[in-house]
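Okay, here's what each chain looks like letter by letter:
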Amino acid sequence: MAELKPWVERSTSPRVRTGGWRTAGVPRADLERCTNCLLCWLYCPDSAVRLDGTTFVGFDEDVCKGCAVCVEVCPTDAIRMEDE
Amino acid sequence: MTVLTSAKLLTGGEAVAHAMRQVNPDVVPVYPITPQTPIIETFAKLAAAGLADAEIVNVESEHSAMSAAVGAALAGARTMTATSSQGLALMAEVVYIAASMRAPVVMAVGNRALSGPINIHCDHSDAMLVRDSGCVQLFAQDAQEAYDLMVMAPRIAERGDVLLPVLVGLDGFTVTHLAEPVELLPDEAVREFVGEYSIPHSLLGGDVTTHGPFAMPDSYFELKVGQARALDCALHAFAEVAHEFAELSGRKLGVLDAYRLEDAGRAIVLLGSTAGTVKDVVDELRAQEEEVGVLAIRSFRPFPRGEIRAALEWLDEAAVLDRALSPGAFAPLYAEIAAATYNTDLHLRSHVYGLGGRDLLPEHIRAVFAGTAPDFPGLRWDA
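Those sequence lines, one after another, are chains C and W. Numbering (the numbering used here) for the first sequence: 1 to 84. Numbering (the numbering used here) for the second sequence: 1 to 383.
Isolated chain C, as found in the complex (with noise of 0.2 angstroms):
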């Protein structure tokens, strides 16, 4: 999968926590059920979505806008929207 994305991803700012435009809910994932398939990541149309390696490790809210793709897209459903 990881090849599919073979550039440097960058917020869209370095210095402005983008993630404060969010107003729906922050996406959390439940580790047990993920399978590292890394649909979230590349649907994420930002780069919100933590990798270690080709490993997922979760979101950063600093950048996610709160769009829930990664969300529809997850096919174990481990992925679901919270209240901040």
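One thing to keep in mind: the hints can contain errors.
Using C-beta positions, here's what the derived DEER-type ranges look like [what the hints assert, rightly or not]: (1) 45(C) <-> 313(W): 54 to 64 angstroms; (2) 229(W) <-> 43(C): 31 to 41 angstroms; (3) 132(W) <-> 30(C): 50 to 60 angstroms.
Derived pair list, reagent style SDA-like, types lysine to any residue, alpha-carbon separation capped at 20 angstroms [as the list claims (entries may be wrong)]: (4) 65(C) <-> 251(W); (5) 65(C) <-> 213(W); (6) 5(C) <-> 207(W); (7) 65(C) <-> 217(W); (8) 279(W) <-> 350(W); (9) 5(C) <-> 205(W); (10) 65(C) <-> 218(W); (11) 5(C) <-> 58(W); (12) 5(C) <-> 251(W); (13) 65(C) <-> 45(W); (14) 5(C) <-> 211(W); (15) 5(C) <-> 208(W); (16) 224(W) <-> 16(C); (17) 224(W) <-> 13(C); (18) 5(C) <-> 210(W); (19) 5(C) <-> 204(W); (20) 65(C) <-> 23(C); (21) 5(C) <-> 8(W); (22) 5(C) <-> 350(W); (23) 5(C) <-> 201(W); (24) 279(W) <-> 369(W); (25) 5(C) <-> 203(W); (26) 5(C) <-> 36(C); (27) 8(W) <-> 251(W); (28) 224(W) <-> 15(C); (29) 65(C) <-> 215(W); (30) 224(W) <-> 14(C).
The set of hints was computed from the structure by calculation and includes no laboratory data. Keep in mind it's a predicted model, so treat the numbers as computed, not measured. From the three backbone atoms N, C-alpha and C, an ideal C-beta is built for every residue, glycine too.
Chain C is fixed; fit chain W onto it per the hints.
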């Protein structure tokens, strides 16, 4: 070494189209508008006859024309287009974006008055609309200069330290539609002069790149300053490209065109084709031992502040002729000349002339030199 050239009787619009044929861009997205239409009409005929390879994109508006041009230029295609007046106004949003995305698009602008009232004739209000877009803006005095500047433009636009759109202005009808003898360089000479199109980080260049993303307050400022510095670099780029062009063609174009200015006491400062008429009047007045001259400005953006100051500061008097208004303020060229010559003893006057294509006749220019022409807001001579 100067290569052999051949003179043809061409309108300014046709001369620009021949420059385009010889430069042979990859993509030409364009929408017709008077008085630019003869440019694309001629170019389309030349392309249809197999004399140019460009993909001509028949877009639905000028906004789309420049949008397609930005995409093509950043994809790695040499891209040219043309417009006038309302077309430039509709395009203006994307003209700013082209400059900020550093897309080296070359565009001919057949200068025409902006609506309203609607008018198809020449003035420079369309050019002034995009003067702060960050594009290089050049003004040709005649068909030959329009051709020469269109051949030079890709070299200036595509330089690594510039990478900005270049707009070549030619006065609507006066230049776009008037036939004059134009010396064309051989096709191969132009192709060799412009070389292969190459920009860093093109979309089709192999690297994965993002163009035109959102910039937050922590990066927008730096990007705008970088863009402004690149435009300043275009002054030096113009000089270098003009030097090489002179070796090829025998015609040396400066960012300024000073005519009989070296021993003048009084001068007229202006942009575009009216310089020709003023030069004639200067010759006539010189024959009567009047110490008069002309400073025609070819590069309006970047504005050669230092060169203008050096050319004018020792004169007694200069009249700035503007072919555009800046309602509620000083006329645009006058304001910049005043700023460039600030704290000198030069006495400046401002005249606005020729709005919506009104003729400026030799007698009007004589009145400007005599000091009897009305000051700003101007030479509202009877039609």
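Hints, verified against the model:
no. : hint                                 : result
1   : 45(C) <-> 313(W): 54 to 64 angstroms : holds (56 angstroms)
2   : 229(W) <-> 43(C): 31 to 41 angstroms : holds (38 angstroms)
3   : 132(W) <-> 30(C): 50 to 60 angstroms : holds (53 angstroms)
4   : 65(C) <-> 251(W)                     : violated (58 angstroms)
5   : 65(C) <-> 213(W)                     : holds (16 angstroms)
6   : 5(C) <-> 207(W)                      : holds (12 angstroms)
7   : 65(C) <-> 217(W)                     : holds (18 angstroms)
8   : 279(W) <-> 350(W)                    : holds (19 angstroms)
9   : 5(C) <-> 205(W)                      : holds (17 angstroms)
10  : 65(C) <-> 218(W)                     : holds (19 angstroms)
11  : 5(C) <-> 58(W)                       : violated (35 angstroms)
12  : 5(C) <-> 251(W)                      : violated (52 angstroms)
13  : 65(C) <-> 45(W)                      : violated (51 angstroms)
14  : 5(C) <-> 211(W)                      : holds (17 angstroms)
15  : 5(C) <-> 208(W)                      : holds (9 angstroms)
16  : 224(W) <-> 16(C)                     : holds (18 angstroms)
17  : 224(W) <-> 13(C)                     : holds (16 angstroms)
18  : 5(C) <-> 210(W)                      : holds (13 angstroms)
19  : 5(C) <-> 204(W)                      : holds (16 angstroms)
20  : 65(C) <-> 23(C)                      : holds (8 angstroms)
21  : 5(C) <-> 8(W)                        : violated (55 angstroms)
22  : 5(C) <-> 350(W)                      : violated (59 angstroms)
23  : 5(C) <-> 201(W)                      : holds (17 angstroms)
24  : 279(W) <-> 369(W)                    : holds (12 angstroms)
25  : 5(C) <-> 203(W)                      : holds (16 angstroms)
26  : 5(C) <-> 36(C)                       : holds (15 angstroms)
27  : 8(W) <-> 251(W)                      : holds (16 angstroms)
28  : 224(W) <-> 15(C)                     : holds (18 angstroms)
29  : 65(C) <-> 215(W)                     : holds (16 angstroms)
30  : 224(W) <-> 14(C)                     : holds (18 angstroms)
This entry does not satisfy hints 4, 11, 12, 13, 21, 22, going by the numbered hints stated previously.
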